[in-house]
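> Protein sequence lines correspond, in order, to chains A and B.
The first sequence begins at 1 in the working numbering and counts up one residue at a time.
The second sequence begins at 1 in the working numbering and counts up one residue at a time.
If you are wondering where the hints come from, they were derived from the structure by calculation, not from laboratory data.
All values reported here derive from a predicted model rather than from experimental measurement.
Quick reminder that beta carbons are idealized off the backbone N, C-alpha and C, glycines included.
Errors might be hidden in some of the hints.
To be verified - Computed footprint of chain B on chain A; a stretch qualifies when at least three of its residues, placed anywhere within it, have a C-beta under 8 Å from a C-beta of chain B:
no., stretch
1, 377 to 389
2, 394 to 406
To be verified - From chain A, some residues computed to sit far from chain B (all C-beta separations above 12 Å):
no., residue
3, Thr359
4, Glu364
5, Glu430
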Amino acid sequence: MSAVGAKSTASPIERYKAAFDARWQGNDELTALRRAALDQFLSTGFPTQRDEAWKYTNLRRLETRSFTPADASALDAHQPDWLTTAGTRIVLVNGHWLPALSSQTAQPPGVTVLTLKQWFQREPAAVAAYLKEHDQLTGNALEQLNLAFFEDGVVVNLADNAVLDAPIYIVHQSTTGAAGCMSHPRVMVRAGRNSRATIIEHYLGANEAEYFTNAVTRFEIAAGGAITHYRGQREAPRAFHIGHIQTKLAKDARYSIHDIQLGASLGRTGITAVLEGSGADAALFGLLTPMGTQHLDAHTRIDHIAPHTTSEEDYRGIAGGKGRGVFNGKIIVRPDAQKIDSRQSSRNLLLSPTAEIDTKPELEIYANDVKCSHGATTGQLDATALFYLRSRGLSESDARALLIRAFAESILSTIGLEPVRAALEKQIDERFKLANETKA
Amino acid sequence: MLTIKNLHALAGEKQVLKGLDLEVGAGEVHAIMGPNGSGKSTLAQVLAGREGYSVTDGSVTYKGKDLLALPPEERAREGVFLAFQYPVEIPGVNNVYLLKAGLNAIRKHRGESEMDAFEFLTLVREKMNLMQMDESFLNRGVNEGFSGGEKKRNEILQMAVLEPALALLDETDSGLDIDALRVVANGVNSLRRQDRAIVMVTHYQRLLDYIEPDKVHVLSDGKIIKSGDKSLALELEKRGYDWVKQEAAA
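With the rest of the complex left out, here is chain B:
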């Protein structure tokens, strides 16, 4: 589904990604771990098409298409979803309006008809239930005045409604207490499907206790230096990152 080859990218002026390779197949859940500053968030931003990040070399192929050639909204319509590390507060834009506008833009792109109000609300209520969110969230401004945990739940709610083929979760566990982490993890797990890939970027192993990855990668200094199964994450938790770096250097 996603093939990243030799990706080099700048965040602003700074070279952050320095030859990253990654292959993610449909139905797989990947965890990308790494110390601060290793390039985890840059990877997520580059894949979603954020301005201010420029690719200097390499390629990203998504479902056979050159992902980097598409503007952010085209990527979203093709099924790429980024759950933000810091979801943006947008007072004056209703949550429910954003969900509906996003969903209808994606459906239109797929050649499907727009959902009517009844169908849409039924869908949203079902997903809100899953995320244990109160219906009052719908008519509030996007993330406006939400707590950290509410914002992260709202990201996964959007993911549940938009049903992406490739979900990128950027530090979705950060700032969550254990109860909120469970709710978010349950939401993500319920979205695991044979035709959907999930890439989680995280600093801590904790999230992986709740969302079990098929593959774990260590990102260091802009490259993936080691890949393994979930046992790698446990080892990182015990031993830190230094041994992987030394092993890679050797």
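Looking at chain A on its own, in the form it has when it is part of the complex:
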């Protein structure tokens, strides 16, 4: 760990190559796969703003930093930010599994929860085959970077008809020891026919460190399966966070994600849902809250390949200070995909004159018998509502916080899991009361 997250004169490409050579040697199949991924990353480099998908998000600041693979690092015993949920908790610290803090409870029949390393120890060929099949073809340079450098992750297998009542809680924690480091965790969920589970991913960093999290999460949901995915991003204030979520849905499968972005200096989630079987349904709910100088980006792509598929998308942005938010929602309806029902809504609230939110719905519709609606609005807090609340005795800062909370409520109310919703409500309230006090 010689280079700390400072600017470096070596080109980013050279630095990542050197970091790779220092970390991964050997000629096994997995290392070969990693090397191929690295080569692909090296050949394209970081995306630039000339790339349409990165038009509003400049990665130059990330690119100029030097990050090296992170070690596992000790954690404080007390982690007040973790949710208390029943069921399995898996803690990854700086991308490494920490068994001492994890609690892998006994799973019901048909459910397997492993770390990626555990799976690799059991079935190395299967891991390589899986990664080869699912990752080598993505054109996304940062996903390739994850494949090149991932240390560990979580693998969830749900057999046909397996139903998991308690959520699986995955904590991605970055420590002070993560300064100047990068981690590339992966979560892979394979859900069998008519199986059902809830996955919580929680990205946290309670420190002043500058670090880089580049996470991949994949779901494959077989016919009739249903996955609920809560993804809370509360990285440390100087962190970079890039998340890649890809879900494939077979016939009558359902997937919903609640993409809540609160932390990081620069954060982005890229979500792709591919509706491959008729009757499949994807629901994407998101909340972006860039404050200060934060830049938070949600980039979604819903691909209606099969006919009779449905999708719903509701994103809200709340930007204050010099915060900048980006929502880019692409919906594709393939030529033979008739009888599609798709709704998209992006609503944004600007709390200061220097805040900015760019919202860009993109509809590519090649079928003719479809129902697709989309709407985008950006506005400020309603002055009349603010006065109404103050005229009932509420302070200006309480009135503002209440209206902000009310704006966020339509996303928070989609969160069915009580401990997750309660924690988020508290965080939203704290966040915006604080912002109002500093404003005055």
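Please arrange chain B on chain A, whose structure you already have, making use of the hints.
Below, chain B alone, put in the same frame as chain A:
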């Protein structure tokens, strides 16, 4: 309780109040009547502290304090309540939450302890009963999807819970059918007390059949041009406003 002297105020850029004087004592009910554009609503907004209205001259003294120096929430905590002509819909903020937050802010200001959940709900249920409101209103968004009549009832419910010393009712009768008007008027009448003043701003005499005022004032072109008892309202109903204006000009 309330003394307004030579009040001049702008609504936006426009001079609307042009030297208004008014004296309201504790326990009194005043009606301020006047044609459209005379400045009735501006007066209500200025007293409640709405942004976008600026006082250019004159003074407003409430319980010995300079009311105009206080921000809206301080006025509310000191006991001033405005029932809005157009109550605002605020989806995502519960009615019951607003009532509780408002009441507790006012109690805290008075040095009283916050009400516990049980006490509070008992109080609210009693007042809802008075306003003939269903309990389902509590957990709905503030005025969200309410009919015109429901919104006005909700204003008076808030007044009943917050127990102001000075209530300003801005066109509370507008948009109400006769049954809703009765309910609202009953609510207001039940809140008449020796230590509470009520100022109603209205275009029509109709409201005054249900809430009997002690004094009636005619507001025209930003000034009060005539004051009297409730018989003045009946006369206005019969003869319109022009004769008062002519009398004032003479």
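> Hints first: check each against the structure and report whether it holds.
Going down the list of hints, with the structure as the test:
Counting residues of the stretch 377 to 389 of chain A whose beta carbon lies closer than 8 Å to any beta carbon of chain B gives 7, which reaches the threshold of three, so the coverage claim holds. Restraint check on the stretch 394 to 406 of chain A versus chain B: 9 residues with Cβ-Cβ distances below 8 Å, three needed, restraint holds. Against chain B, the non-interface label of A/Thr359 holds: every CB pair exceeds 12 Å, the least being about 20 Å. Remark: the non-interface label on A/Glu364 is consistent with the geometry, its nearest Cβ contact in chain B lying 32 Å away (cut-off 12 Å).
Non-interface call for A/Glu430 relative to chain B: holds, since the shortest CB-CB distance, roughly 17 Å, exceeds 12 Å.
Hint compliance for this structure: every hint is met.
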